[in-house]
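Based on these hints, arrange chain B on the given structure of chain A.
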Amino acid sequence: MEAEEVAAKPPKGRFCTICNQRRAALKRPKTLEQICRECFYAVFEEEIHGVIVDNQLFKPGERVAIGASGGKDSTVLAYVLSELNRRHNYGLDLFLLSVDEGITGYRDDSLETVKRNEIQYGLPLKVVSYKDLYGWTMDEIVKLIGLKNNCTFCGVFRRQALDRGATLLKVDKLVTGHNADDIAETVLLNILRGDIARLSRCTSITTGEDGPIPRCKPFKYTYEKEIVMYAYFKRLDYFSTECIYSPNAYRGFAREFIKDLERIRPRAILDIIKSGEDFRISTSTKMPEQGNCERCGYISSQFSVPSSDFLLLSMVLFA
Amino acid sequence: MACNSATCQSGGCYREDNGDKIDDQFPQPPPAVATESTQQRLSNGKNSDSAFCIKCKLKESMAAAFSSSSASAQVTGGGGGGGRGGASDSSPYCGDCFRSNLYGKFRLAVTSNALISPSDNVLVAFSGGPSSRVAIQFVHEMQMKAQKNFDASRDRSLPVFGVGVAFIDESSSISIPAEKFSQAVEEMRLVVSNLAPPVKEFHVVSTESIYSSDSNNGRNRLKELLNAVADVTGKEDLLVHLRMLALQKVALKNGYTKVLLGTCTSRIACRVLEATVKGQGYSLAADIQYVDARWEIPVILPLRDCLAQELNILCSLDSLKTVEVHNDHHSGINALITSFVKLLQEENPSRESTIVRTAGKLTPFHFNRMPEPDDCNMQLASQRRQKKYNLKPNESLPPESPCRICNSPLKKSDVKSYKLENQIMSAEDISNGCCTSCQFQILPKDISLLEHFYSLLPPQMAARGEYSCLGEDRWLREQIQDCLLSDTEDGT
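Quick note, the sequences are listed as chains A and B, same order. Each step along the first sequence adds one to the number in our numbering, with nothing skipped, and position 288 is 288. Each step along the second sequence adds one to the number in our numbering, with nothing skipped, and position 218 is 1218.
To be clear, the hints were calculated from the coordinates, so they are not data collected in a lab. You may find that some hints are simply not true.
With beta-carbon atoms standing in for the labels, derived distance ranges [what the hints assert, rightly or not]:
id, chain 1, residue 1, chain 2, residue 2, range
1, B, Glu1346, A, Glu140, 33 to 39 Å
2, A, Asn89, B, Pro1371, 56 to 62 Å
3, B, Glu1372, A, Asp54, 41 to 47 Å
4, B, Gly1255, A, Asn149, 54 to 60 Å
5, A, Asn55, B, Glu1201, 39 to 45 Å
6, B, Leu1449, A, Ile119, 28 to 34 Å
7, A, Pro124, B, Asn1348, 42 to 48 Å
8, A, Cys151, B, Gln1183, 49 to 55 Å
No more than 25 Å apart at the CA atoms, straight line, and that leaves these computed lysine to aspartate or glutamate pairs for DMTMM-like [as the list claims (entries may be wrong)]:
id, chain 1, residue 1, chain 2, residue 2
9, B, Lys1342, A, Asp195
10, B, Lys1445, A, Asp260
11, A, Lys259, B, Asp1231
Using N, Cα and C, we set each Cβ at its ideal position, and we do this for glycine too.
One chain only, chain A, in its complex shape (with noise of 0.2 Å):
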């Protein structure tokens, strides 16, 4: 017996702790379980498909637009849902909608992996460009403003854009493809920079039910290293360079501890969305009012606050 067993192990590494039949070729960074490939693919895609099905995500019929920037969330979001729609049956009708901010060296080259991406995984793209929308580029905007703030800017910019791409598209949902080190990362900084409003929202998995479009996240447990070596071992084509804006972001702070937190336990990430769900923020806390914004009438909770920055790019917008 024992000397079957010794013949049958592998010349070099140990078998997959899943299937037990196959090498171990990766660590999973969630559990660092060693696993094999095929069990990885099949235990991060099913792993979505419990998020979906146990939060309702979706109901048979739906138009939903993926958001999709050419980077590796989007490009592993549309290629995964793609394939549980078939799987499964969700009986959805998917899209690829991205926004075009018009960030020279940046977004010119991630859409034409978008464009890409539309042929392999054939699923009609909507482009949708701030010059469109709005008359004017983020290259525009930061040399008016500087290198401070605006990524707050073009967030609140692309949501829109966004809402209103779908609009054009006749969506019903959205779904973007923010992961779990993404929303980890926003609890952080929330509770940092003390929003206590964005704080109560910032983990759930649905938002914006009540307005135009409600958009939601199926990566929201899903870890970022995760996703990357999905999209590395299937091959995908994605686009990986950051944001050339990026570096002067306050969320780099943050992004830099969850790092270095997720060497030390890996499933710290989960815990910090755990924690965010389960704050207790009481309903009758003092929250800053969701609003209109004066001007265009979009929803907007900090828009009318007048800040001279705000007060400059409105300027701008509507001069």
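Quick look at chain B alone, frame taken from chain A:
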């Protein structure tokens, strides 16, 4: 309590209150100097304004003192034991205003939250570090003022609260060279004895004393318990929980009514992030309030609004002796967070306060209020100042039982309800009685080791479990007791 005298010692009068009167209280400077300084201010404009204390505007600010005479010994306000040089000692206040401002924060915390009442006997936890050193100092000052009031009053109606100091001896869990340790203890004893009158007792309590059996057995059980914890962070956190048990034990044994910790804003900021990354978001609010009354002896945190930097400055300003018992090397996650917060604080000096303020908006628990005193007047006054949260425990539900190890409230959806079979703890029962964080980082991964681990726990932790299992049945029975015709369940 208006007062015009600069030398007024009455307890109710404090310079902080009479902000406008401070100028009156200082002796008038000779005209020549006054003109000179005014001229200086007028001619130099902004520059010389920053050289003066921003509060009293008369004395030189500590920042100015630091920059102008960096070579002289005068700089950080006195050598002595606590001298921590560097720009961190600079402050826009002068020494006196800085001290009064810091003490003011302490005093406001105590009075607004009714932390210390005249009939209390307060045990101050002393680690040797600057925060708890300042805690002892401030409590002593408050006690002295109360004593003076008492001596001066005719009817002697308001008694003076008592103060004791406790040091937790962790030498059996953390390696400390014996000589350094005994020397440190002696220095602490000296510090406490110098803070008299009124006299304060100094207790040295070893961690193993939480085990009721003899010290050797206790020490062995403790060692075995700590060795059974594989996770570095888990071990550190377990030590913190054991520390609190030791404080509770010495407080109970010696008739103290409050346990006072020197936990400052900076420490709480770290605690907020630690809880967040360990998945303890639900119970976080319980640990960071002024009052933590879930313990038998309520725990109070009057230095909650003071930054570590401020406490360090005060120690060097007033030469308050601090004692380093062991190199406080945190490791693992706690160390990472401490360095992260330090980095953030350097980038923005108000970061620690912002973190604590954010966490302060989380809803506290019903035990985060001082148990109501009998005195109606005090009750109303303190309630007026406290935020109103609807914190009464829901009386139609059985009381929630806390995590066996860290005593934190458990989120209802996390607790799997279970009934004890023949009142014997199974491995599953042990695990279910702990929060998810303790389950992961403290309890052994191997289920077969759980029962043995449970046997190593000190009695106070094991006892928490019993209530949660038996309590629900007992509670149900109590609800219907008056309608039961027999004492046993089968009706005999």
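Results for each hint:
Roughly 34 Å separates the CB atoms of B/Glu1346 and A/Glu140, a value that falls within the hinted 33 to 39 Å. Our hint of 56 to 62 Å for A/Asn89 and B/Pro1371 holds, since their Cβ atoms are close to 59 Å apart. About 44 Å separates the C-beta atoms of B/Glu1372 and A/Asp54, a value consistent with the hinted range of 41 to 47 Å. At roughly 57 Å, the beta carbons of B/Gly1255 and A/Asn149 sit within the given window of 54 to 60 Å.
The hinted range of 39 to 45 Å is not satisfied by A/Asn55 and B/Glu1201, whose Cβ atoms lie roughly 58 Å apart. Here the CB-CB span from B/Leu1449 to A/Ile119 is close to 56 Å, at odds with the stated 28 to 34 Å. Taken as a hint, the range 42 to 48 Å holds for the pair A/Pro124 and B/Asn1348, whose Cβ atoms sit roughly 46 Å apart. For the pair A/Cys151 and B/Gln1183, the beta carbons lie near 54 Å from each other, so the given range of 49 to 55 Å is met.
Restraint check for B/Lys1342 and A/Asp195: satisfied, since their Cα atoms lie roughly 21 Å apart, inside the 25 Å limit. The straight-line distance between the Cα atoms of B/Lys1445 and A/Asp260 is roughly 24 Å, inside the 25 Å bound, and the hint therefore holds. For the suggested pair A/Lys259 and B/Asp1231, the alpha carbons sit about 19 Å apart, so the restraint of at most 25 Å is met.
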